[in-house]
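Okay, here's what each chain looks like letter by letter:
There are 2 protein chains.
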Amino acid sequence: MDTNRKRILIADDEPDIIEIIQYNLKQEGYEVFSAKDGDEALVRAKELKPDLVILDIMMPKRNGVEVCRIMRTQTAFENTLIIFLTALSDESSQIKGLDTGADDYISKPISPKVLVSRVNALFRRHKQEDNGGVLVFDQLSIDPQQYMVKVDGRDVTLAKKEFELLYLLASKPGRVFLRNEILNQVWGNDVIVGDRTIDVHIRKVRQKLGMDCITTVKGVGYKFDI
Amino acid sequence: MDTNRKRILIADDEPDIIEIIQYNLKQEGYEVFSAKDGDEALVRAKELKPDLVILDIMMPKRNGVEVCRIMRTQTAFENTLIIFLTALSDESSQIKGLDTGADDYISKPISPKVLVSRVNALFRRHKQEDNGGVLVFDQLSIDPQQYMVKVDGRDVTLAKKEFELLYLLASKPGRVFLRNEILNQVWGNDVIVGDRTIDVHIRKVRQKLGMDCITTVKGVGYKFDI
DNA sequence: CCGGTCTATTAAGAAATTGTGAACTTACCG
DNA sequence: CGGTAAGTTCACAATTTCTTAATAGACCGG
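Those protein sequences? They're chains A and B, same order as listed.
FYI, the numbering for the first sequence is 1 to 226, going by our numbering.
FYI, the numbering for the second sequence is 1 to 226, going by our numbering.
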């Protein structure tokens, strides 16, 4: 599915470099785009929302360091990875780059192997930080990718609605969800079910978890508390 | 035995450099050997079969680039990693080095930290890429190159769709794949098949494997668990 | 304590989803 | 052309999940 494919934007003024990078990253299954100078890089980054931007340090209009600095001031790019391409292998420019907020640098001339494995490594690392929506609490973790809940290390299997209900509540601990909100989020705006249905599901979740983390707020709704 | 420890061969004509590299890599638990020129490097590489060779570009007898090129022509070294040591100033040699098939290079003067993390990173990456996508679990291995599956040492032949289905699920153990995802990945975005088709294939896989590693998540999809 | 309002619990059956065996279609190969 | 295997579909069985309805319990102000 294309929503899973990572997008990479390359900014460099040398078409040959773009070509070689583009080819190798496409081979790896990435979706790759390019820009030929700093200004274009910023424009395309805004429209494409890439996961990774590879910036040549030396570019017309705006150089890579400037582009990086600008991107880092914008929240839209707070999760965007940045790699610098540098012709200078000297440490001072490397340090400068990483200071500005880049995540890695690659020295020219480019080795496809190095490029690809650095890029892969960066995504791997980054993925570990963004754990795919898993909610973690002291004795409880909720993994939406696996539709799986762990309580004190013990696996608990919830049915679809039960899981979605728990996940909704746990996504904002402490916040009270109105019964209507719950209906809309878990059942859908148009589905009509009786009020007791929620109660029954809440009960099953409480039962299966074997711990008291869902609090009833009388006349209002439910909240997750831990 | 030391079969698990990675072997590293260093070739450099400066004893000081060898010393510093050797010390730091041994600290990391690697088994480290050395050679003082290009010829000796080739000889020792043949007898030691190291996992990684660190070559100084400037060496007597044969320089690093030559050694690398020779090694790359021999199948015995096709999985051997190569790192070049280059002097900072010497950019053109970097070009040659990466062209010749090296996997990374490190500039002198050497920073122990950089050295160690580059070496570790290289092994880390290589480990993940070296087995051609074969998935290995305790009682089960799945080889996509041969469309072959082994269960407890016994060969199991799966049909194309069956195999692709299993491989998809097993590629991310624990993760639930939605029926739609499965359809897109295994059948293709545009192919339209009935709902029961997936079930039937799942059943055949379960049947043939004779073990319970595919879990149904009702209303959601299937996942591989072991 | 009482009536009113809301939630908890339970069991039953309705609804949805998946499993299964058999039949059918298609593709391939000698 | 016939035989074999893969892939698909269908009808129905089996199972799980969801919903409801009925009843019991909790809470609150008067």
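Keep in mind the hints are simulated off the structure, nothing from the lab.
Fair warning: there could be bad hints in the mix.
Which copy? The list can't say, so a pair holds if one copy fits it or any two copies do.
[To be verified] Capping the alpha-carbon separation at 20 Å, the derived lysine to any residue pairs in SDA-like fashion look like this:
(1) Lys-49 - Ile-182
(2) Lys-160 - Lys-223
(3) Lys-172 - Phe-123
(4) Lys-61 - Pro-173
(5) Lys-218 - Leu-48
(6) Lys-6 - Asn-184
(7) Lys-218 - Gln-146
(8) Lys-223 - Gln-145
(9) Lys-223 - Gln-185
(10) Lys-26 - Ile-192
(11) Lys-6 - Lys-172
(12) Lys-6 - Leu-48
(13) Lys-223 - Gln-207
Each hint, compared with the structure:
| no. | hint | result |
| --- | --- | --- |
| 1 | Lys-49 - Ile-182 | neither (31 Å within a copy, 27 Å between copies) |
| 2 | Lys-160 - Lys-223 | both (19 Å within a copy, 14 Å between copies) |
| 3 | Lys-172 - Phe-123 | between (22 Å within a copy, 16 Å between copies) |
| 4 | Lys-61 - Pro-173 | neither (47 Å within a copy, 47 Å between copies) |
| 5 | Lys-218 - Leu-48 | neither (46 Å within a copy, 36 Å between copies) |
| 6 | Lys-6 - Asn-184 | between (31 Å within a copy, 17 Å between copies) |
| 7 | Lys-218 - Gln-146 | between (32 Å within a copy, 12 Å between copies) |
| 8 | Lys-223 - Gln-145 | between (22 Å within a copy, 10 Å between copies) |
| 9 | Lys-223 - Gln-185 | within (14 Å within a copy, 25 Å between copies) |
| 10 | Lys-26 - Ile-192 | neither (47 Å within a copy, 28 Å between copies) |
| 11 | Lys-6 - Lys-172 | between (28 Å within a copy, 17 Å between copies) |
| 12 | Lys-6 - Leu-48 | within (11 Å within a copy, 41 Å between copies) |
| 13 | Lys-223 - Gln-207 | within (16 Å within a copy, 25 Å between copies) |
Hints 1, 4, 5, 10 from the earlier list are contradicted by this structure; the remaining hints agree with it.
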